[in-house]
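Work out the full structure, taking the sequences as your base and the hints as a guide.
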Amino acid sequence: MSTPPSPSAPGLRTTPRTPRLPGPRTTGLAVLTATTLVLSACAAGPGTGPDADPEQAALTGAAGAGPVQGGVIEYGHLQEPNCIFGGWIQENFTARQVLDNLVSHTEDGSVVPWIATGWEVSEDGRAWTLRLREDVTFTDGTALDAEAVAYNFDYWLDGGNGTAAAHLGGFYDHSEVLDEHTVRIHLSAPFSPFLSTISQSYFGLQSPTALQTRTDEENCTEPIGSGPFTVKDWKRGEYIEFERNDDYDWAPQNARHQGPAHVAGIRWNIVPDNTSRYGSLLSGEMDAIGEVPAVNIAQARQDYDFTQYITPGRPVVMSLNTQRGIFTDQQVRQALSLATDREANVASAFLGTVPFEPSGYLSQTTPDYDEEAAAEYPFDLHRANELLDRAGWTGRDPDGTRTKDGRRLQALVVYGLNSIITPDGNTVIQNFQEQARAAGFDLVLRPGTPSEFFGGAFSTPESYDAQVGYWTSPHAGILNINYRPSTEEAPNGANTTFLDQARVFETIQSALQAPTPEEVTERFSQAQHELSELAPAIGLYTQTNTLAVGGDVTGLWLDPAQGGPVFHDAHFTSQDARDASGTLTPDTADTPDTADSADAPAESED
Amino acid sequence: MSLSTRHPGPSPSTPPPVHPASASVSHPAAARDRPPRGNRPSPAAVALVVGHKALGAVFVVWAAATLTFLIQALLPGDRATLLLNQQTGQVQERTPEELAPVNEAFGFDEPLIVQYLDFLGGLLRGDLGISYTLYQPVTTVIGDQIAPTVVLTFTALAIAWALAVVLLVLTARRTPWVSRIFSGLESAAAALPQYWLGIILLVVFALWLGIFPVVSGSGAAGLVLPALTLGIPLAGFLAQVMRTEFERTLDAPFVLTARARGMSDGGVRLRHVLRHSLLPGLSLTGWAVGAQFSAAVIAENVFARPGLGRVLVTAVNGRDLPVVCGVVMLVAVIYVITNLVVDTAYILVDPRLKEAA
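Going down the list, the protein sequences come from chains X and C.
Straight run, no breaks: the first sequence in my numbering ends on number 606.
Straight run, no breaks: the second sequence in my numbering ends on number 357.
For the record, the hints were derived by calculation from the structure and aren't laboratory data.
Remember, it's a predicted structure, so these values are computed and weren't measured experimentally.
Just so it is clear, CB atoms sit at the ideal spot from N, CA and C, and this is done for glycine as well.
Hints may contain errors.
As the list claims (entries may be wrong) - According to the in silico footprint, chain C covers these stretches of chain X (three or more CB under 8 angstroms from chain C):
| no. | stretch |
| --- | --- |
| 1 | 86–97 |
| 2 | 126–136 |
| 3 | 269–276 |
| 4 | 413–423 |
| 5 | 456–467 |
| 6 | 490–504 |
| 7 | 531–544 |
Below you can see the structure in the form of structure tokens.
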């Protein structure tokens, strides 16, 4: 794996799109509104069933000739996944094309029906009953019924998907098949962001038949789902080809249209070099690219249909080790939080293309984000100095570093360079180090290689004073992953600050168990304030995902749960553009280039 | 003599290089352009040499495999933790309960010697194992990616030789300023960082002029720029190492003799002088083939080509031991073969070497 987490995930910010070569009808994408803060997260709490999605009407409104059918979209992507489905964000992106989920996340933070048409949660919050569509089949012919859903839950939690297990492990108990199309998920404790959690493609549904009868290799390279596309070919190092599933008729409620995808297929090209990837869009070889390089973003905003998605969850933060070293002292943690001008730092390092994130706990697009708590540590060198003086760090070494009882105010900052932290992010960390000197901090930077980082070289309290990283998640429940204290019987390696505060933990638990969305929001706000006071982490910038689309194609959108591109609604803007596009590799017998055949999806289905 | 150092090839038994210039003045080739086949070594001698070299080759491959295995297995950091963390993109500590099934599945909990013997046993059976992260047999992973890399490497090599020879024959020991300029250009080419050169070629020929595709893929049109990216710096190296020898040989008495016989300048350069300067170039080629395999990753990344370079880098980062070992051994084998070919080529180019062999 080339590792991890590449930038990704959900948040949503849309920049004004310049209408280039308007196609036969205006793009549905224009609807992505610039929502940043959303209050009713975890929205689909009890009873919030499949209400009509307000966007739906607007999206399917345009009448007249339907979108152009057929053609193959050339898409250029930064990193290659190891498998189509898996726990890595890159695998989430590819899984989204092939697998369906039970529910879908919308831009405003609510959850709408997909394979599940409705749901309800029990009084005690520990049993979620989901009613399923009755007409869904996997592409191998297996029915997507309650049995299949129950099988998938067990599969994800039992090693099938590490990220799914990180989210639901400790909460999932078992699944119960009530009837052919109703399944009940039993939890060991209430978990309010349940629906939001399962909207991520880490919870993509696969055919139980395929999982049971095929080899790991087959399930890795060609998982069988019920999604809008199937994997047709994968030339590692070059591209993955997805082919339209002609029988597809169960898109999520927030899709821009129902029925099979408009295009015949997608060629998901792996173009790792930034210059080449952007160049391939300029030259017209690619119809769309992801991960637009920072230096090209200004131009991309003008010349292309550009979307930037701000990932919800834990932003890129500096986690301070609260168990050992100088950061065991809360005043020192607060002082470092105040000591630098993080906003100016981020603006200069990213040329203004990536938003600064003041919060060390949640990114600004996460439902239940508390702006007030986030803003508690503005740049204030004077206060930082006061706190350090009060904490007893009053001596000074010749180099300006503060000392106390002969110890220097020194900290080892570790981060996975080029695997977790991009080169621009590295600049932010270096700027931070430089600015922190003014308050008397001596930060020692230690970039690590992927194999040492993922091998756990920097995972214990003895191995670092501060660590920089992020964790994408569509809801504030990420706080439970990051701040649940580690215990003997239930160690929590994801608690990178090693914070062990019962009060915060209880607040987070009460948020997860709160019965109404309003209470959930209130409790999560409280948790953010409590964390902010303790200052175990310092916010730096948001993880973002970008997409630039050329004039020949329209209708792509970024999945609000994790930020991957969704191709189901994409189509060419003209017959000519369609005809000029390539075809999928015709290596197998059937090459269904059903281009403009009769199955044009019904436009307005409501 | 500067370039008489042959590349430290696999076989310690290779003869010490005999530098043509240090040989007697009555150069055999000068005698009368006698083709080398006139005095071939006896079959027994050949067999001995070949046997020797084959043994050396096996040793090199075994050593490469063993070293790679040990380095990968003994690097700090737990392999099971690494696999789990990579699957989720986290860098955290893992619990014994989480680690146990992974250790079990990949045999990480076996004593190292057992893992090593299993690994060697697999090698003997031609089984390189299954990739930890791709779930594919390593032979499949390599088989899928080897063709584009081999094509790229050898195309680059061909380009490098063509450029170097043309440059030499046309510019060595001409009017001083011509020679100096081209000699300088060669040094500059040799010093070009491949990544930079690749980006420049990409921007100029693919983006501005639109002659070649930006995303090369594995097609023929897409081969040109990546091959130039690797070939141009190598051409600089080749021309540089051959130029010294070329110019010295131009001063050799037998060249004067040849000219006295009325041979044209071009004829002298091509038939006599070039041949002498080939030896250092051949030495360098033995090294270059191995080096090109590792440099290929740069061209592969810039031009979005599939290939072993990218597979290797990804596998090293992920400590996907079976894949790393597989690729390293493959490179070792190619390297060994190249050096055998180069050794043979030496004898063909300079028959005097057969005696040393």
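Each hint tested on the structure:
| no. | hint | verdict |
| --- | --- | --- |
| 1 | 86–97 | holds (count 4) |
| 2 | 126–136 | violated (count 0) |
| 3 | 269–276 | holds (count 7) |
| 4 | 413–423 | holds (count 3) |
| 5 | 456–467 | holds (count 6) |
| 6 | 490–504 | holds (count 4) |
| 7 | 531–544 | violated (count 0) |
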